[in-house]
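*Asks:* Here is what each chain is made of, one letter per residue.
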Amino acid sequence: MAGEAGKNQSGAWVGRLLAGDHQAFAEFVDKYKGEVFLCCRMLGLREDEAENAASETFLAAYKGLSRYRGQAKLSTWLWRIAYRQAVNYLRKNRRSKQLFEPAEQVADDRNAQMSAGLESKEQAERIWRAVERLPRFWAAAIVLFYREGKSISEIAKIMKKRKNTVKTYLFRGRERLKEILADVFGEDVDVGG
Amino acid sequence: MSADKSEERFDEMLGRGLRKRAEPVPDDFTDRMLRRVREEQQRRILARVIMEERLALAGCILLGIITVIMAAVFPGIAGSFTKQAEVFIDKITQIIEAVGGQWQFYTVLAGAFGFAVYSLVDLLVGDS
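Protein chains in written order, with the working numbering: chain A, 1 to 193; chain B, 1 to 128.
If we strip away everything but chain A, and leave its shape as in the complex, we get (with noise of 0.2 Å):
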């Protein structure tokens, strides 16, 4: 019951934000910055030019409101923009091959051994800092499948890429994944694959 009331309030709220409702604009705004700005940041654009980047995502996603359907999740549809304006932002500047490369080069930090009670927040920030040392196109899909929940299909629609090489991006990057954190994860996880 709770669920269809919160679903028709969503469709309302999407109603209002087609139609060039101000008020649900700001709030589509609010509700996907972070999601905008770390898609920007992960493919590797410094925080001013993520700034700009988010900018002309959100410009551009109100431009397109008329052209939404509804076929995909209003969130993927935004993904898809934010990633092909950071995508172009890079290719614009001549920084393309960055795509291929880690974020930024992590210093190695697998000395400082992670105790079995690790802090929480210590530990996602180890994990996040394990995803900048992947390539970028691994990274991107690390991120899409295991924070924002996208299915293997949605991924190869927000990256323009083939599902197998989607699902390649993932297991190779978790693969990396695992032997960055080895550490953090200890003897739970088999490293060895």
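Think of the hints as simulated: they come from the structure by calculation, not from any bench.
Cβ-Cβ distance ranges computed for the label pairs, FRET-style: (1) E12(B) / K73(A): 18 to 24 Å; (2) K160(A) / I69(B): 50 to 56 Å; (3) A19(A) / I61(B): 36 to 42 Å; (4) G64(A) / R19(B): 26 to 32 Å; (5) R32(B) / V14(A): 22 to 28 Å.
Where is the CB? At the ideal position from N, CA and C, for every residue including glycine.
Use these hints to put chain B onto chain A, whose structure you have.
*Replies:* Same frame as chain A, but now just chain B:
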């Protein structure tokens, strides 16, 4: 611990860890976005108005060109139009002379009519 359980635990921890990640977003980002969207909306309206004005101007020019071409290609029709126009102008002159004696009354009437048309237009399309 079995390999499957180990894999599941890894996936679970990875998901949980990644969901905790939040990128810092400037506080006024939403307000700035709203401002940009409003500007975009105004820009679109302005572009539409300019386009309408250009179309109207193009229409006037085209009409003039068509009239000149018609007059050149069909001089007979143009001649009859000229005669009809002369008759029409004569009639207007007669009407003005007839109305001339009562110009105060017609001025008030024209003012009232203009105000009524203005009110009607404002009522129907004023907001847009």
